[in-house]
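Chain A is already provided as a structure; the job is to place chain B on it using the hints.
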Amino acid sequence: EAGVAQSPRYKIIEKRQSVAFWCNPISGHATLYWYQQILGQGPKLLIQFQNNGVVDDSQLPKDRFSAERLKGVDSTLKIQPAKLEDSAVYLCASSFRQGVDTQYFGPGTRLTVL
Amino acid sequence: DQQVKQNSPSLSVQEGRISILNCDYTNSMFDYFLWYKKYPAEGPTFLISISSIKDKNEDGRFTVFLNKSAKHLSLHIVPSQPGDSAVYFCAASGTGAQKLVFGQGTRLTINP
Chain A
1427 EAGVAQSPRY KIIEKRQSVA FWCNPISGHA TLYWYQQILG QGPKLLIQFQ
1477 NNGVVDDSQL PKDRFSAERL KGVDSTLKIQ PAKLEDSAVY LCASSFRQGV
1527 DTQYFGPGTR LTVL
Chain B
47 DQQVKQNSPS LSVQEGRISI LNCDYTNSMF DYFLWYKKYP AEGPTFLISI
97 SSIKDKNEDG RFTVFLNKSA KHLSLHIVPS QPGDSAVYFC AASGTGAQKL
147 VFGQGTRLTI NP
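So the sequences go chain by chain: A and B. Numbered per the working numbering, the first sequence spans residues 1427 to 1540. Numbered per the working numbering, the second sequence spans residues 47 to 158.
Among the hints, erroneous ones may be present.
In silico SDA-like links for lysine to any residue, alpha-carbon gap of 25 Å or less [what the hints assert, rightly or not]:
hint: 1; chain 1: B; residue 1: Lys-145; chain 2: A; residue 2: Ser-1433
hint: 2; chain 1: A; residue 1: Lys-1470; chain 2: B; residue 2: Gln-52
hint: 3; chain 1: B; residue 1: Lys-145; chain 2: A; residue 2: Val-1526
hint: 4; chain 1: B; residue 1: Lys-51; chain 2: A; residue 2: Thr-1528
hint: 5; chain 1: B; residue 1: Lys-145; chain 2: A; residue 2: Gln-1467
Keep in mind the hints are simulated off the structure, nothing from the lab.
For reference, chain A alone in the conformation it holds in the complex (with noise of 0.2 Å):
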């Protein structure tokens, strides 16, 4: 079975520049997760999916960040503009349904912003 996939690896900006990460999520599964972690710090979730809606984005910097999963699958996270405090690794996750089912996660993008 194959897992969560992440591209890019890593990415390198500048502040003020806008970036976008994708993540296409273990076949099945119908929530999709997005954390960032920052260096010393453990993951926080950005935004829960299930399906293609919006299940909680409390923790989502509207104001810069965007996210959208399309048809319910695939997933894209936009940083717009980025600031130097969003450097930090962009994990995606999956799981099978929503509650305490197991969450999968990708290798992630690290991102630094210059």
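For chain B alone, coordinates are given in the frame of chain A:
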């Protein structure tokens, strides 16, 4: 507000001995707890979980203990092996919110 805390950033243990990783939480609504393991340049992988109706769950070399009154859980690895060297994250969720709240992680190093 750090609802899940792992107060030890790092831990070093001799191969073959027991590793004990600790985690404290503050939110009494949490009723499901998990441990994830993370190797460099990889995403976290699920290790073991425990529901609040239990105080112990065991899976091979890994055992998680939950003390609800103290709002404390621990992960025991015995015997520790070099491949166990990784960062371990404690996470918690509540029935209503469902989302996972992670601790800061503990870097475990197993010395040969």
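- Hints violated by the structure (numbers, ascending): none
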